[in-house]
Amino acid sequence: MGDLVLEALTKRYGGTVAVEDVDLEVRQGEMVALLGPSGCGKTTTLRMVAGFITPSAGHVRIAGQDVTRRPPYARDTGMVFQSYALFPHMSVAQNVAFGLEMRRVGRTERETRVMEALRLVRLDHLADRLPGQLSGGQQQRVALARALVVNPAVFLLDEPLSNLDAKLRGEVRMEIRSLQQRLGLTTLIVTHDQEEALTMADRLVVMERGRVRQVGTAEELYESPRDPFVAGFVGRCNLIEGQPEGTAGFRARGGALLPCTTAAAPVGTGGVLALRPERIALAAAAPGEGAARLEAVTYLGAQTEYVVDYAGTSLVVIRATPPEGDPLRRLAPGDAVALTWDPAAARLLPAQ
Amino acid sequence: MAALILPAGLLVVLLMVAPMLLLARISLNQFSPTEMMVEAMSPENYIRAVQDPYYRSVLLTTMVVALGCTLLCLALGFPTAYWLARMQSRWKSIATILILFPLLVGNVVRSAGWIALLGNEGAINAALRGLHLIEAPLPLLYNAFAVVVGIVAVVLPYMILTLSAVIEGIPRQTEEAAANLGARPLTAFRRVVLPLAIPGVAAGSVLVFILCMNAYATPVLLGGPQFKMMAPAVYDQFVRGNNWPFGAALAFILLFATMVLTLVGSALIGRRYRR
Amino acid sequence: MTITRRLALSGGAAALTAGLPGIARAADGRVVIGTWGGDYGNLLRQNIDEPIVQPKGIEVLQDVANADPRKTKLLAERQTRRGTFDVACLSDTDMYLISQQNALQPLEMGKLSRADAIIPALKKPYAIPHIYSALVLLYNPAKVTTKPTAFADMWDPKYKGRVGFSDILYNTNTLAAAMAGGGGVHDYKPAEKMLMEMRKLDAKVYPSNEALAAALKSEEVWLTPMWLARGFMWKQSGIPVKHVVPKEGAYSIVFEAAIPKNARNLDNAYTYLDAMLDAKAQTGFARQMGYLPTVKDAKLDADLAQEISLSEEEQNRLVTPDYEYLQQHLNEYLDFWNKQFKA
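Residue numbers (the numbering used here), protein chains in the order written: chain A, 1 to 352; chain B, 1001 to 1275; chain C, 2001 to 2343.
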């Protein structure tokens, strides 16, 4: 295993830019997720790492070696494709053995390693089946075994869970993560599903329109988003446009003054205030009291979501569903409510 | 529905089977120079054809040419078919039309073109002589070479289109997976693309082989008088020799040889690439 | 054709073809000519139909096909009362075959005003001769400097590789070889030895008359046995050839016309045959196709006559085919041509 470094990686198709100036380091044994909406360049980036797409500029280094100009077969990456791309005419064991054959591993060692890999994904009993005879989840595990058995320097996963049903997805997610950690695989995973990225990856790369918006751990991205896109893409977030008014707080465009402590920015520059829905406390208020009025309540089981009109600014609040008998339980649209939050939880971000 | 299908089905049977049965019956008759044909039930035409070294060599020539053309079509057609199958949509229809284009010209007209190109006074020899590269013209026309070139040019589009339809069905990612696992392009081709394209290889080869076995105009026009294949030999018996029974027997021998080789070939391909 | 032929054996096709709503249904003002299309059909129209037959109020219809299907039709219709053709045009060899099968009616020469004008040697009881030509030796005068005199001259080693044959004329090529080897229309046997020698002399065989013409034009080959009429047309188109009537004999080909047994417009058919023998019509054919008139009183221009006609001495060497021998042995010699000579 080695590390993976991308330097100013760029791909242009004619006039359109698919990926621009992507810098990234995936450390030895680390799992990094490329996250973003479709068309953000995450798959193009992954394919440049695998060698299927030649970059227009920039470099790909694997374990210290510049592989930018190397063909895919000389790169030592192990990729799991979205469609699995198993060889339908080969048995499970032959599929897994393919990479070892290409590396001229002797027959006995090959057989041992194939069985090891299949045991790893708990498919050793299906070694002689053809891929067409397996379920989607089993095929997925064959694809994993096939990519892992060669001990690639870098492990690449392209939307590996998107073809599985919701129930299986959670299981496989855990399985991949535990394999990755157990084997210490340097891994780059592409996904558009933030939950998948948050639960599996050590660090996340949020991309949008070919550019990296922010790189960080799930917590860093969630707690300290660098811009409104990241704040909105990772988890839910109230994004309020307006401008800071010194220490007084943040003046929303709708007129409300929202408390925040990071208002060090000079008065008069526009910005966006990011406030997570679960950081807002909600209390019932006497009619006519308080500046906020409840507009909608949605019961979500463990949580309840409230939409509140806060002096002309609409805010989403998420709270644990109050126990039976709690007066909050009886709140209905039109009721007056009081909202409070730690001013430190409200983050001032530059305007988009 | 059945009421609609039945008459059409009967018509097809009538049009396809009836002539074959008549031909089979004729092949058992006897030839007579004065009567043309005498009713009989005799295998003598078949025995004569099989025992005659001339027709054995004509059949052998036909099989060798057909086999050679088929292999050549595979070798030339596969890369083209692959290229066509992997092509992006905008140019694909244009390329398909270009590949089909030669089929719009009849065999005879096309052969005339080859004659103009390959003849002793043809474009190639004229050019080579003009450049003083050769003294006497190269014998390019009226031989096996000309026939193979001519037939391949006719049947290649069938091979390309058949193969490309099958290759299109092989996901690009399967090839990428092979490359990702360390297979060089040729290895990926041999281990992954080719085995998955086998249905197309088999279908295309059978189609092309049958067309080659039954080639008529091209061997007549480009092979010249000394080069004989089965279809022209059958025609000769019918039209020049007026010997319908023997011509019919030759036609059935050709049919039988084509069927046997097709089945054996398909079986071999199937066994080689099973799974 | 397969079906037609097969059914013919059971008599089925005869009923079929006779029952078709055909052009020949109406009697009286019509005559149906079974003929080749192309030049021959056009010249019939120009020289016979339009100037002679139509002014008599007879409508001429051509039923155009190659010789083989028309032969099959004639044979198939033998048993029926009403046939398709009123006049059948075929080469002398084919006509003989059909007449042997009892498909033609004997001609009443009294009904033909021009019967006496026919060159006696070409007269037949079942057909009139329309045009004819002879098999001659064509040579390139620039390359073959000593004028050849006989088919046998093609075997001169000087001309190794310079003798060409048209594959479709295997019959006359074989005959030329037979004549060169001392045989003739009654005996093709000597051709076998001669052709095998010719093979060693590296003779060229071309798939068609046109291919042979191209080879003569490019001077790839210098000598070939060919119909005089075709040689004439080649000369006209600039191919460098001259002809000699070989001393072994001048084998003739005659294109003939006859009346099928079951012709429906019998009188019109006789009128048509008579018109085919018209002196002016015959001259027209000679000028345009290079075939010779079959009547004694057709006059040719001197320059044309010199090109296509035979001198009296040459006419004496005319030999007609032995149809019976051909019918019996043609297949054998086709086989020999294909299997031994060309192999």
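Derived by calculation from the structure, the hints in this document are not laboratory data.
Misleading hints may appear alongside valid ones.
[Said to hold, decoys possible] Cβ pair distances, simulated, as ranges: (1) L1021/B x S2113/C: 46 to 56 Å; (2) M1041/B x R129/A: 32 to 42 Å; (3) L183/A x P1171/B: 19 to 29 Å.
We treat Cβ as the ideally placed atom computed from N, Cα and C, and that holds for glycine.
Hints, one by one, checked against the model:
Our hint of 46 to 56 Å for L1021/B and S2113/C holds, since their Cβ atoms are close to 52 Å apart. At roughly 57 Å, the beta carbons of M1041/B and R129/A sit outside the given window of 32 to 42 Å. Under the hint 19 to 29 Å, the C-beta atoms of L183/A and P1171/B, about 28 Å apart, fit the expected range.
In terms of the numbered hints stated before, the structure departs from hint 2 and from no other.
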